[in-house]
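Asker: Here is what each chain is made of, one letter per residue.
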Amino acid sequence: MSAGRYHPGDRVRVREAFPPGHVRTPYFVRGCAGEVQECAGAYPNPEELAYGRDGKPDIPLYRVSFLQSEVWHGYDGPGADTIVIDIYEHWLEPAQ
Amino acid sequence: MTIRRHHDMGGLDAGSVDSSEHDYAMWEKRVDAIVKVLSTPERKLLSTDELRRGIEELGPGVYDELSYYERWISSATNILLEKGTITVDELATKMAEVEARWTKDRESAS
Amino acid sequence: MSHDHTHDHDHDHDDAHPYQPDIEDFPFSERMVMTQAVAELIIEKGICSADELRAQIELMDSREPGLGAKLVAKTWVDPDYKARVLEDVAAAAAEIGIDIGEIPIKAIENTDDVHNVVVCTLCSCYPRMLIGLPPDWYKSRAYRSRTVKEPRKVLEEFGTHIADDVEVRVHDSTADLRYIVLPARPKGTEGWDEAKLAELITRDSMVGVTPAKSPEDI
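Residue numbers (numbering that gives the first Met the number 0), protein chains in the order written: chain A, 0 to 95; chain B, 0 to 109; chain C, 0 to 217.
Okay, chain A solo, but in the shape it has when bound:
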């Protein structure tokens, strides 16, 4: 796996940005804080590939786990329920 900026166990927050264009970070998770599970490799940037460019250099992709109760206001389920989302490094910032 590539040596990215984040490591398993790191607390990260998803950027609170809402651009138009091809984005693979879902709207519902922006601004949420979660925990890095693993780095799942590095891939060309889909935001660039979408417009016919080569997307290089590759960007590390992280599997980030979020507590559902922290993603959804009034989540109707046990506190341990989580959601894991694959997020590219440039959409993450360190969190407390």
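Hints are computed from structural coordinates only; laboratory data are not their basis.
Quick caveat: nothing in here was measured; it's all calculated off a predicted structure.
Heads up, a few of these hints could be off.
[Stated by the list, open to error] Derived pair list, reagent style DSS-like, types lysine-lysine, alpha-carbon separation capped at 25 Å: (1) B:K43 to C:K186; (2) B:K28 to C:K186; (3) B:K82 to C:K44; (4) C:K44 to B:K35; (5) B:K43 to A:K55; (6) B:K28 to C:K138; (7) B:K93 to B:K103; (8) B:K93 to C:K44; (9) C:K186 to C:K69; (10) A:K55 to B:K93; (11) C:K138 to C:K152; (12) B:K82 to A:K55; (13) C:K138 to B:K35; (14) B:K82 to B:K43.
Given the structure of chain A, go ahead and fit chains B and C onto it with the hints provided.
Answerer: Below, chains B and C without anything else, positioned relative to chain A:
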């Protein structure tokens, strides 16, 4: 101030999940095959990312009215036109030809 | 979700229609015409051959849930194989003669403590090379919108109840990874061989909306 794009629907309200299924029609399988073939590393005439972006750009009304593979072929065709892999004129001629052929076949079959 | 469902017949099936190789049924839609036109143009231009398109269709026809079931069944009887599957699905699938192609697939295991369910909210990414093309519901607005926010309710709609002391873990496959759930091996299957076990492993259990079938179900 936030923009949520139409395809980015995680978390929105919706009705119950309808678990009925349909067998894929031949034309749908053909769309799938066209996209895969055009996306090979040797050709790179279309990428999955471009296809997705093209689907997202179809706009809310069209997105909802079209079925899954209708969205695929609409997006793929737009991208092929953008790149000049096919031209509007070629497509116009060929679509008219296919439609005429199928109409004739249907008439002779009934 | 709209359906391009062309199986409405208003003519008698018993008529001797000559077989139409290019179209399943009438009426034909604009996008069907567009598809045929694009296919013919790319063949005429020498971009690809008709054989290649046909081969690609046959390839996808050959991919169906039984392949994934075979892989899962082997993980149930062989813990070392399971470890290899969890590490690298492509390599483990190749061991049993399944080539999953270029797109990586990750296996996620259901346990006593965790029940996994997979969705792609942004489009409909799915581990096609291992379990075939996705069902309509996986691609529907309702599934894509609600599974992330109220997975337990969605699971109930599939007849699946997960106890409160089991974590429901949703995976939104937003990037290049696809996911396959390894359902838990049901009780009462001790001594079963892999082929028999595979009969319990449904497509829906590998997406995570149901557990594997129980011996009573077959």
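Asker: Hint by hint, note whether the structure agrees.
Answerer: Going down the list of hints, with the structure as the test:
| no. | hint | verdict |
| --- | --- | --- |
| 1 | B:K43 to C:K186 | 48 Å, violated |
| 2 | B:K28 to C:K186 | 39 Å, violated |
| 3 | B:K82 to C:K44 | 15 Å, holds |
| 4 | C:K44 to B:K35 | 17 Å, holds |
| 5 | B:K43 to A:K55 | 16 Å, holds |
| 6 | B:K28 to C:K138 | 16 Å, holds |
| 7 | B:K93 to B:K103 | 15 Å, holds |
| 8 | B:K93 to C:K44 | 13 Å, holds |
| 9 | C:K186 to C:K69 | 19 Å, holds |
| 10 | A:K55 to B:K93 | 37 Å, violated |
| 11 | C:K138 to C:K152 | 18 Å, holds |
| 12 | B:K82 to A:K55 | 21 Å, holds |
| 13 | C:K138 to B:K35 | 19 Å, holds |
| 14 | B:K82 to B:K43 | 11 Å, holds |
Hint check: violations occur at hints 1, 2, 10; the rest are consistent with the structure.
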